[in-house]
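Peer 1: Listed below are the residues making up each chain.
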Amino acid sequence: MADLVSHPDEVKVVSRRFGMGATNLDRYLEMDGYKAVQKALGMGAEAIVNEVKNSGLRGRGGAGFSTGLKWSFVPKQAPKPKYVLCNGDESEPGTCKDRLIFEHDPHAVIEGVIIAGLAVGSHTGYIYVRGEYRYLLDIMQKAIADAYARGFLGKNIFGSGCDFDIYWHGGAGAYEVGEESALMESLEGKRGIPRIRPPFPAVVGLWGGPTVINNAETLASVPHIILGGAEWYANLGPPKNGGTRLFCLSGHLKRPGVYELPMGYNLRKMIFEVAGGIPSGRALKAVVPGGSSTPVLKSDEIDIGMDFDSVAKAGSMLGSGGVVVLDETTCIVKFALRTMKFYQHESCGWCIPCREGTDWLKKTLIRFHSGGGVKKDIDNMYYLSENMLGRTFCPLGDAAAMPTMAFIKKFRQEFEDHLDGKPCPFEKAGAAVMV
Amino acid sequence: MRFSDQFEQRFAEMLTHYPTKRSVLVPTLLYAQDETGYLSDEVIEELASRLELTALDVRNVISYYSMLTTKPRGKYNVQVCTNIACMLRGGEELLQHCEKKLGIGHKGTTPDGLFSLEEVECIGGCSWAPAAQVNYDFHENLTTEKMDRVLEGYAKKVTA
Amino acid sequence: MADVNITVDGKKVTAPAGTLLIEACKSVGIEVPSFCYYPNLSLQGACRMCLVKIEKMPKLQTACTTVIGEGMIVTTDSDEVHQARKGMVELLLGNHPLDCPVCDAGGECELQDMTFSYGAAESKYMEPKNHKEEQQWSPVVYFDRPRCILCYRCVRVCGEGMDVWALGVQNRGVGSIIAPNKEDHLECEECGMCIDICPVGALTSGAYRYKTRPWEMTHVGTTCTHCADGCKTTLGVRRSESGMEIVRGDNRDKSGINGDFLCIKGRYAFDFANREDRLTQPLIRKDGQLAPSTWEEAFELIGKRFREAREQHGGQAIGVVGSNRTTNEENYLLQKFARVVLQTNNIDHHRTADFPALAAALKGKPGSTASMRDVFHAPAILLIGNDPTEQHPLLAWQIRNNVRLHRAKLYVVNSADIKLRRQAAAFLQIPAGTEGRFAAFLAGDDSAAEGLGPVAGANAGESPAATQNQQTTLGGFREQVRGEQNLVIIFGAEIRGGDIASLVKFGSGVAGAKLLCLADYANSRGAADMGLYPDLLPGYHPITDSGKFHEEWGGVPQAPGLTLPEMVESARSGKLKALYVVGANPVGRFAIDPFVFSQSFVVVQDMFLTETTALADVVLPAANAYEKSGTFTNTCGDLQLVKKAGEVSGSKSDFEMIVRIADAMGADVHKLVPFGRGTTADMGQSRGAQSGEADRHAVWLEAHGLEPKMSPFDPTAILDEIQRLVPGYEVSRLNLVAGSDQHTALVGIATGAAQDPKLIAPATDNLFSSGTLGRYSRTLNSVMENHSRQPVESEVAAD
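Chains as they are written, first to last, in this note's numbering: chain A, 84 to 518; chain B, 310 to 469; chain C, 189 to 987.
Honestly, the hints are just simulated from the structure, not real lab data. Owing to the predicted nature of the structure, the values given are computational and were not obtained by experimental measurement. The C-beta atom is built at its ideal place from N, Cα and C for all residues, glycine as well. Heads up, a few of these hints could be off.
With a cut-off of at most 20 Å between alpha-carbon atoms, the simulated SDA-like pairs for lysine to any residue come out as follows [to be verified]:
| hint | chain 1 | residue 1 | chain 2 | residue 2 |
| --- | --- | --- | --- | --- |
| 1 | A | Lys-225 | B | Phe-320 |
| 2 | C | Lys-312 | A | Arg-450 |
| 3 | C | Lys-247 | A | Pro-281 |
| 4 | C | Lys-247 | A | Glu-469 |
| 5 | A | Lys-273 | C | Gly-347 |
| 6 | C | Lys-312 | A | Gly-455 |
| 7 | A | Lys-163 | B | Thr-325 |
| 8 | B | Lys-380 | C | Asn-369 |
| 9 | C | Lys-241 | A | Leu-472 |
| 10 | A | Lys-459 | C | Tyr-313 |
| 11 | C | Lys-312 | A | Leu-472 |
| 12 | C | Lys-370 | B | Ser-358 |
| 13 | B | Lys-380 | B | Lys-416 |
| 14 | A | Lys-273 | C | Asn-369 |
| 15 | C | Lys-312 | A | Asp-503 |
| 16 | B | Lys-409 | B | Met-456 |
| 17 | C | Lys-370 | B | Arg-359 |
Coverage of chain A stretches by chain B, computed from C-beta distances (three or more under 8 Å per stretch; other residues unrestricted) [claimed, not checked]:
| hint | stretch |
| --- | --- |
| 18 | 178-192 |
| 19 | 245-255 |
| 20 | 269-278 |
| 21 | 331-343 |
The following block holds chain A by itself, in its conformation from the complex:
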């Protein structure tokens, strides 16, 4: 069980029931549990969609697409059943927030799924939890069973005449399955290869039916929006970036942890005040602001608000909320290598640029970091990344290319310092370098 932290600047919305025993349904009910669903049952589909649209809630998985807008794409009438799918396949390096939601507040996810279902006219939801999170799947299973036992799920929920079923589903180890169409493939019992789009999942999704798929944090935010109102939620953050966000602070920090802060919260403050700054008095070198796929920010680029638009303006992405902090002792080449090693390992292999590009970059970075690099490798790596960027079958290729290009562009000198058989300047003498 992961430790919880707190800081006075936090605005607890999604995390307000963390550590309060809300896995217990009675405790959950004492804390406004299932009130949102009951309110939503009386609202009508269109009103729910509008409320969520107006709240400024944007996808917490990383892409930051307007949740209400996404829901509005689902056709009203469809010959096949519609589905709501909760993406709990959290695996972006640097990200560990959905884990806390499942652990501490599973019913909030269930409520979110039901409300999404009401919004799009679906009667079936699936909650997909990554395979490594077995204890969370157990918690989720129990929560679903408890909800059925009370009549919150199943036939005629809350006596509304409306039926809604939710089923749990477990993965078995694959980052790529976090991509929405790959997740559907996985749920259908197949290899997690993304699908050709269009058609988009909202029109043709699970088993061919229109499907809404949202990140667990997104769905867990929905009941709070329904209860607190769109305006309240939107005003928590800057324009078009409603609400709060679970930021997963990790790396070289005194007080790493998952903090819920308003959207737009200053990154420098987040690092130096909320998380206590860097230990041992060392200097900050760089920050990866939104999970491993987001371009790195240098220490002088962090006076920005942590919302989708501000971070984009700074040349990176808010991503999944994983803020990884690197101090001056970190070798950027090694960090780039470890990042690429991940993408090479997780590439599904379907398309040429991602499959071949990640492997090539990984191999080059290994050689490069261990002193075998030549000058043209640097340009070559940049060129390779450019050839992947925007040309792969799914965003995984971009996720591998973007950070690599940023590392090279912003820390070229460090790459050059590895040239000509020089040992890595950051390695302790005599330490093995092979990864």
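Following the hints, complete the assembly by docking chains B and C onto the known chain A.
Peer 2: Same frame as chain A, but now just chains B and C:
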């Protein structure tokens, strides 16, 4: 091929959750592996026939997911994360320590069949790095000393 | 569908709504490169080679997955697009072994072509490549993993096209690999489609690998000599010590009725031609032993003995057995020779289907037979009997893909749970032997329904309600089929005689219905059409009504001759003095006691020593269908060219041998083969690999040791006569010569009275056997051994 009653019960229930049979495949493979240690030819054939798939289909799926294995491994699979957040806080040193301690490398198994070791990608312990999983149990904020105690704990479980 | 207008590279393009951008581009000659896109297979978007710029889209888009939209403005040839393609090729080449000099695909490799086109010539890759050893997956399929570019064409053609699903994708990322269904080997139909469709040299053929370089071969598109479906197969030939050696069969020429398809036999089983035990000189029995002789001696002997038999005992003392694998021209010539020169109607062949009964039943119903192309386009198909997957692989392909691509409705009636059941909208399993009764039931005889059994719904996986609906009664089944339009009724040899008439009757109640009768060998239909019957002339003219044939040929015996079993009986009683067997093995096929012919003079033309040559007095070494020119008619009635590809020195075509025997008998060869007439005689362009000179005909004739003149050995001279005299064969000659299949109409004129359905003996070949011929194919034997599908001795057929 016999699985536990709990497995069968869950399997039967899961089949009712989806419009197609094969949808149960991924979680079912993992539950089967939990019971049999690895996905043997026998398990593959059994599940293929239950789900009206070819063994090839099932193998295609198994080989895609990193948690699934067709080769036996130790009773306790020690999975050390070395991804970025853990790397910054000593994940690699932790892995090296485990290698030395257990005398095995990545994907190796100790001769007594007790431990396997695996270097894994991010397991969602970033804010509590470095992190490791032994089977499904999370161990976080690890140091080499703490890791030793964790491993000893599992070794004791067997002798106890 | 409504048309959509788009602009590609400044060109206006109009195409039907729903067209893929890559196809729309192709329609105006703009080639968008791709590896993974393949027409009629599911879309992948995997290779990213077809990226193009579409206005208003921020990223490049894959042309293979983009459906055209009104007003779309597309650029396929900008620096950005060019760089994207170059980048993809570079990424592929990074781990590619670049062993082109020893790769089978070298010279005909799409990766090479793409590298050439986009100039990815600089090697940026410095790392060791991911090497893996080559694997043998079956006697005919090899897999070289490092060469594989993962376009998934093989996986799709095996699954979607063949419905075999023997290939999968395993692992992920750079470790992704194409995997066979039995871990380290394949268990499949061995069609080799995966090899053919592979854009690189990852999948190679056991029969061809490391034999030659593609550019050292000459390619000849001809018709397959195995089953009766008539696939076009392209034979790659090369000069060898013994003539022209066939080194490869494939279907690179997609213009045939088979399109992309070819089965194991068409692809690999040409190897009988190159066997060392081929006969290459005439053999004459001397002192009880077959001994080599000269052609002159052999023809002189045959001419003398045949003439003596005719003069001393009359034509009824001579029997002739024709072949299912000789050309139409040879078959026609053979029966003409028998009737005109030998003065006998004792001529027969190994019958595998009752075409005369179909011809009789179709009297007055012109245009009622289905072509092989019809089977791919018909909205509904009724299949009674047979197992096309095993016996008619192309037909099965057409049916399967018609269902998949055009949603045709397939109705299957069979005594066995045949594989095509999987595509069936409804499947009816009836006891073996009741197919005829089922035909009668269809035709309206309700009393025939008894014991035919219930209809089983075939589409597993559909909702129980749908299955419930399909549990229709037998009558419902009949009504359902009757309600279809443009139905193709396909039936196997289970249905013969009057039962065929029942089917025709049923068909006449269905709008646009067409029939298709299944025979077993490459030219079974041609043998029947050309009149290899004791009682029927070409075109199923009754011998008793020889009309125009009598006028053209002069004296033809008027009484029906002996059937094959009757000839055997005649020989047993000492009356049959001579037997002439052309390209057949009746002794082996019908287990005839060889001593029956001890008093007959027996001449056999064949490639190999068989059970029948064992009792011959003279054996003449024959060329096979891959070594001569002419035409074949497939089981549907599609007429196609047979072109000379291979050559084995010492052998002669059956055509030439028949003419030379006639000549040796003193017959007027000008009358037998009307050569030198008209202008339609072909000047050698249909003779394949040897053509290409100014005076092609002369060159060819000289190369074959023939007199350089418009000779009586020219089969096209007989084709003139066939087209003139055989009803239904008056197809476009120029289209035919251009390589197009021409559907002949089966014009019903016969009564079929003397026909006995019991004379039909189906070959019961499967995917890996091919009558007597199959024995001589090393590939077929090795595959059969691998699959433990040893042929049962009694199943070995004649032709």
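Peer 1: All hints are to be evaluated individually against the structure, with a verdict given for each.
Peer 2: Checked hints:
1. A:Lys-225 <-> B:Phe-320: Since the Cα atoms of Lys-225 of chain A and Phe-320 of chain B sit roughly 17 Å apart, the hinted pair holds (cutoff 20 Å).
2. C:Lys-312 <-> A:Arg-450: holds (14 Å)
3. C:Lys-247 <-> A:Pro-281: holds (14 Å)
4. C:Lys-247 <-> A:Glu-469: holds (13 Å)
5. A:Lys-273 <-> C:Gly-347: Satisfied, since the Cα-Cα distance of roughly 16 Å is no more than 20 Å.
6. C:Lys-312 <-> A:Gly-455: Satisfied, since the Cα-Cα distance of roughly 15 Å is no more than 20 Å.
7. A:Lys-163 <-> B:Thr-325: At roughly 18 Å apart (the allowed maximum being 20 Å), Thr-325 of chain B and Lys-163 of chain A satisfy the hint.
8. B:Lys-380 <-> C:Asn-369: Within the cut-off at roughly 19 Å; holds.
9. C:Lys-241 <-> A:Leu-472: holds (15 Å)
10. A:Lys-459 <-> C:Tyr-313: holds (11 Å)
11. C:Lys-312 <-> A:Leu-472: holds (18 Å)
12. C:Lys-370 <-> B:Ser-358: Holds, because 15 Å separates the two Cα atoms, which is no more than 20 Å.
13. B:Lys-380 <-> B:Lys-416: This hinted pair holds, its Cα atoms lying about 10 Å apart.
14. A:Lys-273 <-> C:Asn-369: Answer holds: Lys-273 of chain A to Asn-369 of chain C is near 16 Å, not above 20 Å.
15. C:Lys-312 <-> A:Asp-503: holds (18 Å)
16. B:Lys-409 <-> B:Met-456: holds (12 Å)
17. C:Lys-370 <-> B:Arg-359: holds (19 Å)
18. 178-192: Result for this restraint: holds, n = 4.
19. 245-255: Satisfied; 5 residues make the cut.
20. 269-278: Our answer is that it holds, as 7 residues pass the Cβ test (under 8 Å) against chain B, meeting three.
21. 331-343: Three-residue rule met by the stretch 331-343 of chain A, so holds; n is 8.
Every hint, counting from the list given before, is met by this structure.
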